[in-house]
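Enquirer: Sequence lines, in order, name chains A and B. At position 395 of the first sequence (counting the first as 1) the number is 395 in the working numbering, and the numbers step up by one without a gap. At position 22 of the second sequence (counting the first as 1) the number is 22 in the working numbering, and the numbers step up by one without a gap.
Hints should not be assumed to be uniformly reliable.
Said to hold, decoys possible - Pairs of lysine-lysine residues, derived as DSBU-like cross-links and limited to a Cα-Cα distance of at most 35 Å, are as follows:
hint: 1; chain 1: A; residue 1: Lys-49; chain 2: A; residue 2: Lys-132
hint: 2; chain 1: A; residue 1: Lys-422; chain 2: A; residue 2: Lys-359
hint: 3; chain 1: B; residue 1: Lys-122; chain 2: A; residue 2: Lys-422
hint: 4; chain 1: A; residue 1: Lys-422; chain 2: B; residue 2: Lys-127
hint: 5; chain 1: B; residue 1: Lys-18; chain 2: B; residue 2: Lys-127
hint: 6; chain 1: A; residue 1: Lys-359; chain 2: A; residue 2: Lys-292
hint: 7; chain 1: B; residue 1: Lys-18; chain 2: B; residue 2: Lys-235
hint: 8; chain 1: A; residue 1: Lys-422; chain 2: B; residue 2: Lys-223
hint: 9; chain 1: A; residue 1: Lys-54; chain 2: A; residue 2: Lys-132
As the list claims (entries may be wrong) - Per label pair, the in silico range of CB-to-CB distance:
hint: 10; chain 1: B; residue 1: Lys-122; chain 2: A; residue 2: Asp-367; range: 50 to 60 Å
hint: 11; chain 1: B; residue 1: Tyr-86; chain 2: A; residue 2: Lys-49; range: 29 to 39 Å
hint: 12; chain 1: B; residue 1: Asn-36; chain 2: A; residue 2: Glu-363; range: 48 to 58 Å
As the list claims (entries may be wrong) - Some chain A residues well away from chain B (every beta-carbon gap over 12 Å; in silico):
hint: 13; residue: Tyr-122
hint: 14; residue: Lys-292
hint: 15; residue: Glu-382
Everything labelled a hint here was simulated from the structure, so no lab data went into it. Glycine included, C-beta positions come from ideal geometry on N, C-alpha and C.
For reference, the chains in residue letters:
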Amino acid sequence: MNTSSPMTLVDRWSESLRAAGPLPGPGWLQRLRERAVSEFSESGLPNRKTESWKYTPVRAFEKLEPPAFGSDRGVQAVVRPQALLDADCTMVDIANGVLAAPLPEAPNGVSILALAEGMQRYEIQLKRLIEKVDLEGSSNAFAALNTACLEQGLVVHVSENVHAGALLMRWASSAGGASQFQSFRVFLLLEAGAQLDFLEQYQSEETAEKGLNVIIQAELGHGAALGHIRVQSEPESMTLLTSTSIGQTADSRYSYRGFDLGGGMVRHEFEAELNGPRAFADFSGAFVLDNKRHVDNHVSVDHASPDCRSEQFFRGVLGGRSRGVFNGRALIRTGADGSSVRQSNANLLLSELAEMDTKPELEIYADEVEASHGATVGRLDEDAVFYLRTRGLGDDQARRMLTSAFCRAVTERIEDRALAAKVAEMVDSAMPGGLPGNSAGPKAES
Amino acid sequence: MLEIRNLHATVGGKPILKGLDLKVDPGEVHAIMGPNGAGKSTLGNVIAGREGYEVTAGEVIYNGKDLLELEPEERACEGIFLAFQYPVEIPGVNNTYFLRAALNAQRKYRGEPELDSMQFLKLVRAKLEILHISDDLMHRAVNEGFSGGEKKRNEIFQMAVLEPRLAILDETDSGLDIDALRIVAEGVNRQRSEKRSIIVVTHYQRLLDYIVPDRVHVLADGKIAASGGAELALKLEEQGYTWLEQGGIQALDMEIRA
Ligand SMILES: Nc1ncnc2c1ncn2[C@@H]1O[C@H](COP(=O)(O)OP(=O)(O)O)[C@@H](O)[C@H]1O
Ligand SMILES: [Mg+2]
């Protein structure tokens with residue numbers, strides 16, 4: 001296969017990773033990093049033949065500089081976005097991929113630490129999580145890269161039965177400087193009965209041209225609850241990759257509410273392992289795309305224990321020449337009887353040139369499983385548009401109203417009513433302008 | 001108010017209206033009756049401006065304006081209201097929010113100040129009662145999961161709030177039980193005024209016991225086949241549409257002309 005230019009990139013990046021020399025950390029981590037570099041340089045970036053990357057081209061990475069190290073990355077120049085939550089929540093800033101110091105004071109029973117300190121306190125847990133990340137093959141190239149440059153990271157630990165409240169992470173990159181590819185790792189360790197609301201806000205300066213490769217690894221103890229909200233409004237010049245893995249034990253709950261309102265090339269991977277009875281994982285996301293933006297959500301839930309529930313609920317609005325991808329997998333292993341899996345993916349195409357690829361994958365090997373799934377790609381209901389217009393609403397206003405209602409099914413899943421309203425407003429203002437009519441196009445499928 | 005002359009319209013290339021004439025003066029209530037497929041809803045859709053309904057000949061003059069030149073929302077803002085035969089369900093759009101947005105769009109068009117949600121609630125409260133519309137219904141998505149009767153009452157409620165100058169009620173009576181029919185009729189009757197014209201499209205005479213029309217028209221095969229007073233509706237009810245299709249219309253025509 002002749003892929004000379006990506007090969008060059010992989011060589012170049014591998015070389016710069018090797019040149020970075022040993023990074024701080026224990027010996028096992030040094031060795032793992034070296035292995036990660038070899039894996040990366042051997043397998044290279046995913047391409048069209050990599051099944052899980054079939055619809056998501058890696059072109060966007062070619063303009064990026066090799067992964068960056070150290071904290072000297074023009075952090076001062078970074079403009080921080082207006083916080084999504086009001087003042088008194090605990091806030092952590094990541095600027096150009098660097099954890100901003102000092103870290104906020106953590107509430108009682110909660111530790112918020114930089115990776116180096118976290119490693120000293122929680123080495124056994126972190127080692128297990130870090131070693132768990134699959135580095136092999138081109139589909140895991142970015143995980144290998146992240147491991148190879150594992151240096152910047154955040155460790156959050158919530159002690160038994162402690163309700164930690166909200167932690168807001170603000171990700172921002174500056175417009176100036178090199179187009180670095182930044183890696184970051186977040187560890188969320190929730191002991192039995194612990195609760196945490198983890199919010200992420202991604203918002204960089206308008207012309208920031210950087211890449212972000214984030215891995216989030218969470219472990220939920222018995223009955224722990226992690227609420228994860230992500231609002232991403234990056235400029236089109238940004239490339240964002242995230243991978244979130246949740247290890248769940250009995251009666252634990254994880255919920256994701258994700259909103260992709262910006263970014264040029266965005267891909268989110270999720271993996272939940274339901275390893276104890278009655279665990280619940282609930283993924284809900286919406287995206288709004290225009291121009292040539294790209295958003296890919298890859299969700300995979302592993303039901304390894306009986307009586308667990310999982311849900312995947314994603315909505316997409318696509319205008320311009322944008323492209324969306326949804327891949328929702330649920331595996332119900334032998335013995336995971338009484339599992340319940342719900343999956344729904346609905347998409348609205350506002351333009352002839354937009355494209356959506358959606359693929360549910362249900363694999364069921366257990367008994368008494370409740371499973372439902374549905375995927376639709378359609379257009380605005382022209383009967384509804386006409387109905388609204390006969391009441392006096394302009395064509396554009398009618399289309400906006402319907403499109404925004406379509407996404408509200410996801411914003412409504414945010415428990416905090418005030419935040420839900422705020423996010424709904426952000427979703428509305430991210431709607432593609434003009435919303436051209438498609439009266440000639442086919443009607444919504446169902 | 002409304003004058004339709006020699007209206008020809010096609011739907012999907014198929015001729016449906018074939019030379020329809022109709023004149024409605026301010027304050028009048030006209031009933032249009034006719035068999036299924038006669039073109040009654042087509043007429044409503046042409047007046048409201050639905051895409052896909054192509055006018056191939058004739059004209060529609062509304063308050064001295066060429067109605068066919070206007071976009072559907074302009075027609076609405078000029079005072080035209082269509083109560084749908086099949087009101088559309090709009091998931092995710094709150095009924096109250098929708099109606100306030102619609103009213104404000106019309107007020108804006110007329111250069112009137114927009115209403116905030118408190119002012120709006122004050123305005124609609126009494127109208128909700130007349131139509132027996134619960135708060136619950138107002139908090140739900142427009143028509144979503146509404147029963148047939150609830151949908152029809154919601155249409156008339158919208159009419160009450162938007163206060164159109166010309167309302168076309170397309171089979172607002174179909175699917176209603178007798179109690180619901182009374183409620184809807186009461187809602188409509190309260191809106192009769194010398195400035196407002198209403199066209200009641202119906203398949204059955206029943207509704208006209210409650211909303212007594214000034215004129216009754218029979219629409220058959222894309223044309224007004226006969227016109228008369230309220231008694232024409234009774235005659236139709238007695239004889240049935242088959243009688244009409246089998247040539248009874250000529251006899252009737254004679255009767256009316258006589
Ligand atoms: N969207 C459409 N496409 C094709 N034919 C239609 C459409 N709407 C109505 N028609 C046809 O037009 C004729 C008149 O329909 P309609 O106006 O609904 O009649 P009515 O309301 O009097 O029952 C019918 O033959 C119907 O099948
Ligand atoms: Mg009809």
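Enquirer: For every hint, state whether the structure bears it out.
Expert: Verification of the supplied hints:
For the hint pairing Lys-49 of chain A with Lys-132 of chain A, the CA-to-CA distance comes to about 25 Å; that is within 35 Å, so the pair holds. With a C-alpha separation of about 31 Å, the suggested pairing of Lys-422 of chain A with Lys-359 of chain A holds against the 35 Å cut-off. For the hint linking Lys-122 of chain B to Lys-422 of chain A, the alpha-carbon distance of about 27 Å falls within 35 Å, and the restraint holds. Restraint check: the Cα-Cα separation between Lys-422 of chain A and Lys-127 of chain B comes to about 32 Å, which is no more than 35 Å; the hinted pair holds.
Taken as a hint, the Lys-18 of chain B and Lys-127 of chain B pair is broken in the structure, with Cα atoms around 39 Å apart against an allowance of 35 Å. Between Lys-359 of chain A and Lys-292 of chain A the alpha-carbon distance is near 21 Å, which keeps this suggested pair within the 35 Å criterion. Our distance criterion of 35 Å between C-alpha atoms is met by Lys-18 of chain B and Lys-235 of chain B, whose separation comes to about 25 Å. Straight-line distance between C-alpha atoms of Lys-422 of chain A and Lys-223 of chain B comes to about 54 Å, which puts the hinted pair past the 35 Å bound.
Simply put, Lys-54 of chain A and Lys-132 of chain A have alpha-carbon atoms about 25 Å apart, close enough for the 35 Å limit, and the pair holds. For the pair Lys-122 of chain B and Asp-367 of chain A, the beta carbons lie near 58 Å from each other, so the given range of 50 to 60 Å is met. Tyr-86 of chain B and Lys-49 of chain A have their C-beta atoms about 50 Å apart, which leaves the hinted 29 to 39 Å range violated. Under the hint 48 to 58 Å, the C-beta atoms of Asn-36 of chain B and Glu-363 of chain A, about 50 Å apart, fit the expected range.
Annotated as non-interface, Tyr-122 of chain A keeps its C-beta farther than 12 Å from every C-beta of chain B; the closest such distance is 44 Å. With 12 Å as the threshold on Cβ separation, the claim that Lys-292 of chain A sits away from chain B holds: the shortest Cβ distance comes to roughly 28 Å. Distance check for Glu-382 of chain A against chain B: the nearest CB is about 7 Å away, which does not clear 12 Å, and the non-interface claim fails.
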